[in-house]
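Chains as they are written, first to last, in the numbering used here: chain A, 206 to 295; chain B, 320 to 737.
These aren't lab readings, by the way, just hints derived from the structure by calculation. Bear in mind that the values here come from a model prediction, so they are computed numbers and not experimental data. Just so it is clear, CB atoms sit at the ideal spot from N, CA and C, and this is done for glycine as well. Just so you know, not all the hints are guaranteed correct.
Just some of the chain A residues that point at chain B, by a computed CB distance under 7 Å [to be verified]:
no.	residue
1	215
2	220
3	245
4	248
5	249
6	250
7	266
8	278
9	283
10	286
11	290
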Amino acid sequence: MLEIKCPYCGKRSQNEFSYGGDATIKRPQLGEEISTEDWDNFVYYRDNPRGKHSELWHHVSGCRQWFKVSRDTATHEIFDTCKMNEDFNV
Amino acid sequence: MQKYSVFSLVKNAFTNHENWEVAWKDPEPKKEYDVIIVGGGGHGLATAYYLAKEHGITNVAILEKGWIGGGNVGRNTTILRSNYMFDSNAHFYEFGMKLWETLSQELNYNVMYSPRGIINLAHSDAQMNAYARRGNSMRLNGIDAILLGRDDLKKIIPFADFSETCRFPIHGGLMQPRGGTARHDAVAWGYARQADSMGVDIIQNCEVTGFDVNNGKIEGVQTSRGNIKTKKVGLCVAGSTTLLADMLNMRLPIEAHVLQACVSEPVKPLLHNVVTFGAGHFYCSQSDKGEMVMGGDLDGYNSYAQRGNMPMIQHVLTGGLAVFPNFSRLKMLRTWGGIMDMSMDGSPIIDKTHIEGVYLNCGWCYGGFKATPSSGFVFAHTIAQDQVHELNSDFNLERFHTGKIIDEKGVGPKPWIG
Numbered sequence: 206m207l208e209i210k211c212p213y214c215g216k217r218s219q220n221e222f223s224y225g226g227d228a229t230i231k232r233p234q235l236g237e238e239i240s241t242e243d244w245d246n247f248v249y250y251r252d253n254p255r256g257k258h259s260e261l262w263h264h265v266s267g268c269r270q271w272f273k274v275s276r277d278t279a280t281h282e283i284f285d286t287c288k289m290n291e292d293f294n295v
Numbered sequence: 320m321q322k323y324s325v326f327s328l329v330k331n332a333f334t335n336h337e338n339w340e341v342a343w344k345d346p347e348p349k350k351e352y353d354v355i356i357v358g359g360g361g362h363g364l365a366t367a368y369y370l371a372k373e374h375g376i377t378n379v380a381i382l383e384k385g386w387i388g389g390g391n392v393g394r395n396t397t398i399l400r401s402n403y404m405f406d407s408n409a410h411f412y413e414f415g416m417k418l419w420e421t422l423s424q425e426l427n428y429n430v431m432y433s434p435r436g437i438i439n440l441a442h443s444d445a446q447m448n449a450y451a452r453r454g455n456s457m458r459l460n461g462i463d464a465i466l467l468g469r470d471d472l473k474k475i476i477p478f479a480d481f482s483e484t485c486r487f488p489i490h491g492g493l494m495q496p497r498g499g500t501a502r503h504d505a506v507a508w509g510y511a512r513q514a515d516s517m518g519v520d521i522i523q524n525c526e527v528t529g530f531d532v533n534n535g536k537i538e539g540v541q542t543s544r545g546n547i548k549t550k551k552v553g554l555c556v557a558g559s560t561t562l563l564a565d566m567l568n569m570r571l572p573i574e575a576h577v578l579q580a581c582v583s584e585p586v587k588p589l590l591h592n593v594v595t596f597g598a599g600h601f602y603c604s605q606s607d608k609g610e611m612v613m614g615g616d617l618d619g620y621n622s623y624a625q626r627g628n629m630p631m632i633q634h635v636l637t638g639g640l641a642v643f644p645n646f647s648r649l650k651m652l653r654t655w656g657g658i659m660d661m662s663m664d665g666s667p668i669i670d671k672t673h674i675e676g677v678y679l680n681c682g683w684c685y686g687g688f689k690a691t692p693s694s695g696f697v698f699a700h701t702i703a704q705d706q707v708h709e710l711n712s713d714f715n716l717e718r719f720h721t722g723k724i725i726d727e728k729g730v731g732p733k734p735w736i737g
């Protein structure tokens, strides 16, 4: 069982959360000319490291806020969590 | 190579089974090979076998970091099927089903192919319509499919919950009678033994640590047992694909996720088919030893750990007990996990790459085991001829740019959404 610290509610069990994938993906700017390749990369390509991974989680059965988690994909250790507009401390 | 038969079994019984030949050798890596296959799992071993058998290329090495068959080919739930609706998938997997049917004879190794039938349960009229459509698509592609009603299923799985007030009442199901199971380890060992007998070097405990690429061409691989030259490299490393692709500066539409499975204690014959309860994220078959082999969905977050987490086991078994309440008394024997190479449309990638001489076989998601023979066959063709086979021409990397994706499940590029 993962224990995830929601930046709004504190530590809760994994059961309360759902996953949102790679947190480093940025949607291309609206209203600007973008290449097909940039769009494809946004839709289909993402980081897949063995080790430290920045990812999105959703406290779906709690405060319903999205936030960021820095987690090791091999050991499942969670280094840090933060709000969407913040950066990790660790 | 010693042929396995009832006569060789009897003959060896007289010498206490102490004089069997080794099934495959343990060679030192040579300085150079025509083709190097990275990954000694089912797909890598099958690729090497078909390279030797179909294309006469025998100066081949399989480099395996651990031991052969220790990854997903030894961790899956052994299910074979070709019950796909899309043509690209249907043709590819049905070709594989035909190879499965004669594989034991071809490899002179009993892979225990058991066409016990796979049944997908349906829980609404709409789902029955969807299954009728899928079954018709399958039959148009020459694949066997039978639409089962509620009463048919009461005869096949009488112990399932057929009450009308449960959350997902059983309306019927779609069955592929030729679908079933095979003994997964035997598949790896059978391919390994035959490939070895034709001259392929199976090199275990040999980790690939880098690639020598010059002017866009592969020239060799660096390994924990020294550098090896080659002109062609095939990657068959499933969940570790991104780790090797990173060494080649290739970004792929792949995410690594852990998928768990579990078996119960062995019991007397009860479940004679493979049954999937998709609505409850659960499927099950009974092994020849009598264990209930059960599985479900991904744990749901990126993972390179070959072990899973309890919440998903609980979720899967909750679904299982909803459809088979009598399983509640079964004791769990063991659970385990494997790393899936989840592609962004749920379909595999078998293709050439931007580096000359590097070939890619990945993106198997939930379904790599059943594809072992067909994947090996078409990948061997792709490597030997330096062009894709008709059957894997749609499983290209380009589709993530052209938009011709093969999203059979319709979940989009979010593989953790079951």
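Now the hints, each set against the structure:
1. Violation of the interface hint for residue 215 (chain A) is found here, the shortest Cβ-Cβ separation to chain B being roughly 19 Å, above the 7 Å cut-off.
2. The closest approach between the C-beta of residue 220 (chain A) and any C-beta of chain B is roughly 6 Å, which is under the 7 Å cut-off, so the hint is satisfied.
3. Interface restraint check for residue 245 (chain A): the shortest CB-CB distance to chain B comes to about 5 Å, inside 7 Å, so the restraint holds.
4. A least Cβ separation of about 6 Å between residue 248 (chain A) and chain B falls short of the 7 Å threshold, and the interface hint therefore holds.
5. With 7 Å as the threshold, the beta carbon of residue 249 (chain A) comes within range of chain B, its nearest partner Cβ sitting at about 4 Å, so the hint holds.
6. Interface restraint check for residue 250 (chain A): the shortest CB-CB distance to chain B comes to about 5 Å, inside 7 Å, so the restraint holds.
7. Given hint, residue 266 (chain A) at the interface with chain B, is violated; its Cβ is 12 Å from that chain's nearest Cβ, farther than 7 Å.
8. Hint status for residue 278 (chain A) relative to chain B: holds, with the closest Cβ pair at about 5 Å, below 7 Å.
9. This hint is violated: residue 283 (chain A) has a C-beta 11 Å from the nearest C-beta of chain B, more than the 7 Å allowed.
10. With a least beta-carbon distance of about 13 Å to chain B, the hint placing residue 286 (chain A) at the interface is violated under the 7 Å criterion.
11. The beta carbon of residue 290 (chain A) is not positioned within 7 Å of any beta carbon in chain B (closest approach about 22 Å), and the interface hint is therefore violated.
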